[in-house]
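We have chain C; now place chain G onto it with these hints.
Listed below, chain by chain, are the residues.
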Amino acid sequence: MESVNYIHNIPFISIFLTMFGGIITPLLSKGKLAQKINFIIVCIVGILSAVLLVSVWKNEQSFTFMMGHFPAPWGNELRAGPLEALMALTFSFVMANTLLGGAKFVQKDILPEKQNLYFVMINLLFGSMLALIYTNDIFTAYVFLEINTIASCAIIMAKGTGESIAATLHYLIICLLGSGLFLIGISLLYSITGHLLMPNIQQSIIQLTKTGEYAFPFAVVIGMIIIGISIKSAVFPFHFMLASAHPAATPPSSSILSGLVLKSFIILNIKMFYCVFTIDLIRSLRITNVLFLFGLIGMVVGSVSALKETRIKHMLAYSSAAQIGYIYMGLGLGNHAGMVAACFHILAHAATKAMLFICAGGLMSVSQGSDSIHDLRGAAHRNLMAGIGFTVGGLSMVGVPLTAGFVSKLYFASATIYSPQKMVITLLTLAVSMILNAMYFIPSAIAIWTPVEKKEEYTKPSRKMEIGIGIFIVTNFFLGICYKPIIDMIELGIRLL
Amino acid sequence: MNKQNKKSKWQHFVDWVNGEEAIGMPKKISFKKIDFEKLQEDFEKYIWSGRKKAIFYMVMCVFVCLTFIGILLHTVTALPYFGGSNNPASNEVVQRYIENGVEETGATNIVAGMILDYRAFDTFGESNVLFLAVICVIMLLKKDKYNTTEQEQREEKEDEMFEKEDSNTILKRIANLLAPLLFLFGIYVVLNGHISPGGGFSGGAIIGAGFVLYASVNGQQKMQRFFTYKIFVRINVICLLTYCILKGYSFFTGANHLPNIIPKGTAGALLSGGLILPLNICVGMIVACTIYGFYALFTKGEI
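In order, the protein sequences belong to chains C and G. Number 401 in numbering that gives the first Met the number 0 belongs to position 402 of the first sequence; there are no gaps in the numbering. Number 215 in numbering that gives the first Met the number 0 belongs to position 216 of the second sequence; there are no gaps in the numbering.
Some clues are possibly wrong.
What the hints assert, rightly or not - Simulated pairs of lysine-lysine, BS3-like, Cα-Cα distance not exceeding 27 Å: (1) C:Lys463 x C:Lys35; (2) G:Lys141 x C:Lys103; (3) G:Lys142 x C:Lys29.
FYI, nobody ran anything at the bench for these hints, they're computed from the structure. Quick caveat, the model's predicted, so the values are computed rather than measured.
Just chain G, with the same shape it has in the complex:
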């Protein structure tokens, strides 16, 4: 025993070369003689030291947060007054957006003109973030052999049985009345995004909420009659692809000073604003799908 435990320096070196021993690693415990009382003592000591560590971390967390709050509050007091006319932010950039925005983009909603025309590259990135988030959630939560057990599947089947028996007539009627109205309102907000407040992101969120309401009342199976995983992926991909191609064309012609064939229309009309309307529709559909996709994947792990 003694010989095995006490290694010569050469043996240490050999072990280190072989990767069996690292400096500072705990030595292997021999399992033959275990002093249980001592083990328990050690364990308590370990837990206590862990608790001490936890308290230390908590105190440090509070300290760091308070410091940050202090710094940020002090910073905010030193910032220019919000909305002041002499602010550094009220410069030629904002002036052109406000004064020439309608004329240059064809959209009476200046915000839509800014995010979908002046700075469309950022918005393209932003819609990619949404797309990416959905794909990530699919990767993580869509049922596969790693993330579901048999018990969970059985429980889900039972849930579905109950759902079928459940007849919340009042809830169902009202939800079925409300859902189409939500869809209509969402579509209105998306289509008028360039004329009035709203746009793809907000309209899409409303449509998505309609989907969630419909699915949560009628069960996901009814939803799957017209909205399957395949359709979900296709809508997402086609919308983003349209965005990518339209904007790619627009960037290419813009940057190389080539003539652009897309008409701007008269500002204020429904068919105006050049690419803003189709882009709004694309963004709206992506957002609606994303919101419903999150709901479906988080509840059932399927779309």
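For reference, chain C alone in the conformation it holds in the complex:
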């Protein structure tokens, strides 16, 4: 009998722990207890992921984990390396912090008898995101993608108002379009390669490209899978679902959706590039150029739409669309440096946008719940921490030095050196988009800090929210100042993929 390598069990334990939490939660009658259990589970997963990250980073290795008694092509398999561990750590960190900061909103917005069901969704959503990060099998990816879709729709509609249900329908239709394309792609891919496991598919794809067999179905498959996943991550023409979903959902749901759920699909896309289709093939089929183009358009269109908005949550939703554009632009550059920058932006945006939504919720709750920026005047004086958080987040989105957003934009700009033909347009769009970002974040920041004479009735912000936002602010500066080791981890992770 061999000794058990507990580090290698961490991905499996993380996924099963969150699923376990989701399954037992309906038995709890109190929402607060469900919240506590959920928080503890997310924290445990975070600690485990940190241990995993340290271990794989030190050993510079990635490993596969056999799910069951049967080796890979017959059974399921998980895979973990530095990139996966880093993403899992970030996701659990952002999740825990969002739940801490957004606890009050859940208690206020959702009916008490349905609060425990909300945490079922949060748990299973988190589990599915972990599974999407760790999976090494495309059918497992599809199953957890389904869980992800249903749970994310459920957390939008949890508020139960008519507006939120309409937004959920919008979100659901677009998500199902993405899942449908992905599923058709998988089944076609299975019939031409005969495998569902990522490394085996890659081998047969290399064979197929050599012989030139099934060239047309193969092109269709790549298109469907990449487009399907991109739709689900709200790339440019499909970003309208965010604009209806975010304002209608309760703030922690918005944070989780924008900060984490969209990112889990982008990570799946990166895995598809490296572990299934190989990056050379993607480049030679010019898929990167398509993603690059939509990323650029998304950056500008998202920012312009945000500029037109006078409501804060709509503005943040469009800003998310623009930031997703940045990430796709990084993927579309098609070089190693672009990928690294895109991965870093995933982290930076996850930390920043989650904070912005919580802060926006905090500012709204001290201004009679109105989401118009005009009504939020002086809100920062009533809820100081949310005001500071919103300002820091805005500066980070604009790309002011010392914040997380600056580092990712710096790396995006320097990554263009390796793709000279895309260099000019990328740099120009980056500049335009940063100016647009400044044009909508700075007026709203000024508005919330403008003192108002009249005294309004409001409840004092809770201590938990202040702690949550405080941790987010520190994280943002941490990512903006001590970014070097994180970039190293991402580079190592992508090399090992």
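Frame of chain C, contents of chain G only:
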């Protein structure tokens, strides 16, 4: 009036900073002087432009769908012949499932062996999807103060009154004869899932259909005597929990090459197939509850 309508550039800037004015937003209409004829004209124009838009969207929809159909049909013709022996899909994976499946999983039904042993992680995800779907429907439709009005409640009470007076004797007798048979058949399909065609998903659907038949004939109140919301949630949770723990144990021992204490039994016997039988029972109960839960929530909003 004029002064208010015409703002200086500075005023525009101030408004923009305050979030009152966004570039490209429609200007506020002053309600004092409304030209109704012009308004109607505008409205008609608006409707017409909407109709034009709708026609454009319809044409585009048809165009996109036809393109997709064309691409997919062309793809299908280029795919390997279905069931051919030289297909890429007929490889070592399928070979091992067929040749060693019975020996390795202990189940004569190879499909059950595949979904509940070789690829059990996917099936675990799939049963979670069902669970999630039920919880979502409960969240959305279970009566609360947002989704029911007083009128609806009154109407429902009247419905119940009518249901009590209704005596469809023939229907009730036959349904009451049929329901137990359906339950028995469903249980048979679930229990023999590893030996013969069937399994948790199909057997559970049959049991669920039995529940739906019983409830729709006898009224939901009779159903509630033995099947309440609490029991519903508990069955779902306990079954899924059993699945989670059993499979967690099996994955843990399998992945770390530890000895597994669960016997496989002789293939073909009722008590064989290792974990497949208990897992089938769990999945069957979840599916049955899900189907009945959907029916109850969609008709009454209560279980």
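These are the hints, each one checked on the structure:
1. C:Lys463 x C:Lys35: holds, 13 Å
2. G:Lys141 x C:Lys103: Measuring from Cα to Cα gives roughly 24 Å; hence the hint holds.
3. G:Lys142 x C:Lys29: The given pair, whose Cα atoms are some 18 Å apart, holds under the 27 Å limit.
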